[in-house]
Amino acid sequence: MTEGEAAGSPLWVKSERQRRREAELRARGRRSVSVATASTIVVVVALVVVITKSPGWPRVQATFFSPEAFAKALPDVLRGFLLNIEMFLVAEVFILVLGLLVALVRGLRAPVFFPLRALAVLYTDVFRGIPTILLIYLVGFGIPALELQGTPRDPVTLGIIALVLSYSAYVAEVFRAGIESVHPSQRAAARSLALTQGQTLRYVVLPQAVRRVVPPLLNDFVSLQKDTALVSVIGPLEALRQAGIHAQYDFNYTPYLAAALLFIALTVPMARFTDHLAARAVRRQTGGGTA
Amino acid sequence: MRRPTLLLASGALVLAAAACAPANDTSTTASGAASPAGSAAANACAKESLKLTTPGKLTIGTDKPAYEPWFKDDDPANGQGFESAVAYAVAEKMGFTKDEVAWTVVPFDSSFAPGPKQFDFDVNQVSITPSRAKAVDFSQGYYTVKQSVVALGGTKFASATSLAELKDAKIGVQAGTTALEAVRSVIQPAKDPSVFNQQVDAVNALKNKQIDAIVVDLPTAFYVTAAQVEGSKIVGQFAANGGQPEEFGLLFQKGSPLVSCVDKALGELKSSGHLAQIESQWLTAAAGAPELK
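Residue numbers (the UniProt record's numbering), protein chains in the order written: chain F, 1 to 291; chain D, 1 to 293.
Which chain D residues face chain F? A few, computed with CB under 8 Å, are given here:
hint : residue
1    : PHE112
2    : ALA175
3    : GLU181
4    : ASP192
5    : VAL195
6    : ASN208
7    : LYS209
8    : GLN210
9    : LYS254
If you're looking for bench data, these hints aren't it; they were derived computationally from the structure.
Think of the CB as a built atom: it goes at the ideal place given N, C-alpha and C, for glycine as much as any other residue.
Using the sequences provided together with the hints, build the complete structure.
Here it is, written out as structure tokens:
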């Protein structure tokens with residue numbers, strides 16, 4: 001409606017009832033916010049009082065919340081954290097490629113591909129089944145022990161290999177779920193348009209599948225970010241290890257808190273981004289409605 | 001009405017929090033009450049008047065696995081190995097018989113956690129440093145530590161005769177040890193050292209040639225070369241920086257009343273020569289390793 005039309009037609013006025021209804025709604029909103037605020041304050045204050053009045057608090061404060069220990073450890077922990085981010089970024093690329101590959105192999109239907117398919121199933125079963133830390137130990141100390149020409153010895157490389165093996169197994173399952181969630185009619189329609197199997201996969205199935213699994217994929221990457229800390233067991237000086245060195249040198253746990261905060265600082269934005277993508281996907285599917 | 005229930009709920013939460021009342025350590029008073037009133041005043045270190053974690057027992061903590069030469073066969077209770085022998089000697093001086101000593105597993109990381117401890121003292125090759133003494137109490141030192149470098153025989157760094165020649169080595173150490181600080185401040189290697197959770201991991205990395213050398217305390221080095229890594233050799237020993245000799249101490253909860261009694265027992269063991277005798281029995285003489293400057 002344009003301005004001119006609005007001016008020409010009789011002005012719409014809110015009825016008395018509507019005004020009262022809106023005032024009531026506003027009042028209710030204010031009341032529920034203030035009650036929520038008050039009850040939050042009560043709970044937080046009570047928790048703070050209980051914790052800080054407990055007899056062990058001074059010791060806990062000195063060993064977990066020491067500003068000096070925090071400041072002393074932070075530069076090293078931060079330096080280690082850059083290594084975590086590096087490992088995460090490198091691993092992520094390989095995980096996406098390998099995960100998709102395994103998922104595609106599992107989707108092959110022709111009988112001739114049975115051995116490949118069985119191999120893919122074995123891969124996901126084995127590497128998803130082994131605790132990541134065990135895999136890091138096995139790869140980290142096992143591969144160099146083979147003493148083969150050209151095998152990596154660098155713990156960071158070995159750690160990345162272990163993470164890729166573990167996480168690509170999870171990611172393969174995520175991709176497979178996405179691929180299987182595409183309705184069979186989509187394939188049938190594509191095939192009836194004379195697209196080949198490959199073209200159907202490339203232009204019809206995968207674009208839909210990948211879009212659907214973006215939130216669970218990001219979820220796995222939040223998990224991966226944290227699990228880079230496990231690589232510390234085979235030697236590199238990443239954030240957890242740097243924090244541990246400081247903690248054990250001074251008998252103070254505060255450096256672990258510094259490392260924890262860094263990980264939170266990285267994973268929280270990623271988690272919010274995941275939420276945002278999930279919400280957007282829902283909006284798109286329901287056309288903005290609430291179906 | 002819905003809102004009051006919200007307030008009620010938060011009220012209930014407060015109550016629940018208040019219910020987590022501070023824990024009393026009643027266990028420590030039991031043994032004190034049993035002692036005769038007269039003798040307690042006469043001898044504060046009498047066995048009966050000690051405040052112990054478990055009444056009537058001296059509870060000693062150490063990590064698992066417990067390595068040679070500090071312990072033998074991963075069994076601290078057999079009295080064999082240097083630290084086990086020292087622990088039993090201290091217990092004996094304090095009036096405990098062998099069956100009145102109980103061992104408990106205490107991972108290194110949790111030995112210095114705040115709060116009540118599950119042990120009377122912990123013996124785990126813990127070096128005494130002023131910053132650590134802020135979190136726990138230490139007995140006087142029972143062993144003076146020297147750091148040493150172990151490399152695979154025939155490798156480039158095995159023939160090093162000075163610390164300067166080790167600058168380019170990739171060095172591995174165990175986490176939580178003062179060896180790391182010694183490496184950083186004394187050797188100052190060009191590459192970041194590798195730090196492992198357990199000694200056996202550092203040893204494996206050395207076997208795999210993922211690292212060129214490991215730095216451990218001297219007695220451990222003798223064990224590594226003799227039993228753990230075939231063909232390895234001690235390159236040499238060096239003193240940690242600062243001039244102050246590094247000493248292992250027994251670790252106590254902060255403010256533990258036991259410290260003075262254990263110190264007294266250790267003092268007697270030192271002056272009688274018993275401690276030196278235990279040392280020569282379990283720790284190979286340090287004379288064999290050349291000094292690195």
